[in-house]
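Those sequence lines, one after another, are chains A and B.
Its first residue numbered 3, the first sequence is counted upward by one per residue in my numbering.
Its first residue numbered -10, the second sequence is counted upward by one per residue in my numbering.
Treat the hints with care, as some may be off.
[As the list claims (entries may be wrong)] EDC-like mimics (lysine to aspartate or glutamate), calculated; alpha carbons at most 20 Å apart, straight line:
(1) B:80 with A:67
(2) A:167 with B:346
(3) A:213 with A:198
[As the list claims (entries may be wrong)] Where chain A lies over chain B, by a calculated footprint (3+ residues, C-beta under 8 Å):
(4) 258 to 266
(5) 293 to 299
Simulated from the structure, these hints should not be mistaken for laboratory data.
C-beta: ideal position from N, C-alpha, C; glycine also.
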Amino acid sequence: MFNAILALLTAFLVFGTAPCAFSQDLTPKAILVRADEARGNLEGIKWELQIISVESGRKQDRELEVKSRGTEFFAILKAPPKVRGQILLNVDRNMWFASPSIRKPVPVSPRQRLVGGASYGDIASTNYAEDYDAAPLDDELVNGERCYVFELKANKKDVTYDRIKYWVSKERLVGVQAEYFTVSGKKFKSAIFEYEHEIIVNEHRRPFVSKIIIQDSLLEGNITTMVFSEPILGKVPDSDFDLNLLLMRTI
Amino acid sequence: MVKPPLCVLRFALLSVFSLLFSYGGFIMICSAENNGVSSKGGSASKKESGNIRILEIAVLDTREEVKGSDENTREEEPNASSLKTQSDLWKEIGEGFSYTFRTLGYGTFNSPSDSTQNPNNDFLNIPRYTLNLDFRPDISFNFRPLTLVVKPRLDLTWKRWEKGAKEGDTDTDNDWYVNEWLAGLNLYSGLFVYYGRENLQWGPSHFVSPSNPFFPYNNQANPKIELPGMDFARVVWVANSSWTASLIANLGAGRMMFPYGFERTYAAKLDYTGNQKYGSLIGSYQENNRGQLGAYGGWWVSDALLLYTEGSISKGSNALYPQKDPNAPFGIQMIPTKDDSSTPEGLLTVGGSYTLEGGATFSLEYFFNSAGYNDNEAALYDDLREDAASAFYAPEPWHRLSKATLIQTLEPRLRFLRRNYLTLQYVQVEIHDVLNLTLRYTYNVDDSSSMLVPIVEYDIGDYFQVFVVGDQRFGSKDSEFRSLIDYSYMVGVEFTF
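Please construct the entire structure, taking both the sequences and the accompanying hints into account.
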């Protein structure tokens, strides 16, 4: 204990007025950065995504192959056969949809529905740290895990959700639960996040998203589950996100 | 200034690091917050990319471990390693193949309009009923820098006529062809070359693509009918995530029909993608014709609202205009009066779309066609068509002259006859996960004719989809949109595996 105090004092004397952020609590933004990183906000990642939607008792599946980099992504639907070859491309907050039947890529809104409660925008990694202003609320327990709770208010017009209530695990620094609200303030869906995968970032093992369960707030029986395969990390070239090369890949 | 003794500094640094390491996760945050700082070991450097923090990462992937163990084995057992390499190669080749096999069976009910363009349906012979069975396999092969795509087609058609010279006739046809094929090579980093038969489409407009010098129309009016491919050679250079340049040469007509003959067209295209906006500039030249400058751009005002524009401009136009000529057989002649004109002629689309929180998207587009007919020209055009239609059943040479004139009035080298159009579109997909709905209404402001295109797709299971694609025309008998049909409805089933 004495050594620790001595070390702190010495460091203060040596480094003078240098910021000592570690002596303070994490800022909401720093927490959101960590939570974003656990949901794919990386240099490059490739994974397979299965979306299972149960709506009015009817089950629908979608399987996608996704390459993403930051919040950009290229997603091609692989199954079921009726949607095979459909493509979603998101570059710099511009989203396009292309299908083998309509050869022309069409600009689409991230609000447009993919399947069940999942919108096109839900495939993208989150960038809550940049896109939202976070107001901290009182900590809460979620499944026995103590969580920071934030009221996120969009600071940009081009984000999919205007307001989000977001629970971030204090221990793991990952988002574990979220509620999404319309501009009018009505809750329209909620989500639970699971992190069974791990990646190494800066030589540290980090939990990484493995499942998102989206619950429709208006129709309680409607549940959409997004299951992510083990991520393959690596650089994704610019050409993978190029619109001119898109149509060669709609098979 | 008195320097602190070295041992004190060393002690202080060691103490600080020991404290920081006890807050392992915290180090990461501090590292990420400081621009350009690399943490020790060099493997945890950090880059900035716009607003997004990107951390270089080490991969926790068991495959890497497997690879490592393979490398060890390679040193000890070269033959086993060679077999393994061959096996990996075949696996890679196998994984490079992909296919989709679509089969469409559909019936179409047409009502040919009783217009001067198609007197008693004897000029165009539009069948009343058609039944089609189309086999559409799409096969692709990707192996490292190589891309090969082929889309062979087999169309079986049965037709029945109930109006015109072929009334009561039926006919069957089978057509084998390759609608699209492509060979592509990634030469170097972002540099790609392609040659093949393609259907190149771009631009944000729903109604028509004014910036596209190759394909005047897109198949959004009926996504179940494929547009014929044309032969292209392309070089695409992806400079970075924002800029791409393409050189495109349209070297052959492919399967496209050109009533006045095919001419080669060359284009250079420059694309930009920026934060919430995109744009493209297309310069093109058609042999024995003229140059054209096209452009399109879009801006996402919010995640729901998109504003876009698309257009093209050229010096003069090769469109045919009706001109009074006392020496012409019908007193009026179709002449390319603006062929040598230096007046700029253009096409322009301005539009916007708004997506509701539930996913429904509404779009509104205005399309301006400066080369289109004004009221006087339209009146002359109508007169010419009427005279030509009247002479259609007259003896030769009048019948031949009538047909030649009706070909010109059908294809006057204008994308649309008039100048001002409005399109309103509603799209909602995945309604209850099974229903896609599109309603598109286009109104010709100049002659008040219009067309309504409803597209309904309903999924049955994972393989089947039933669909209805309609085309209902409104307006006076000889207006633009009612010149050919009163309505057309296609009902069918699509099977995909």
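Here is how each hint holds up against the structure:
no. : hint             : in the structure
1   : B:80 with A:67   : holds, 19 Å
2   : A:167 with B:346 : holds, 18 Å
3   : A:213 with A:198 : holds, 8 Å
4   : 258 to 266       : holds (count 7)
5   : 293 to 299       : holds (count 3)
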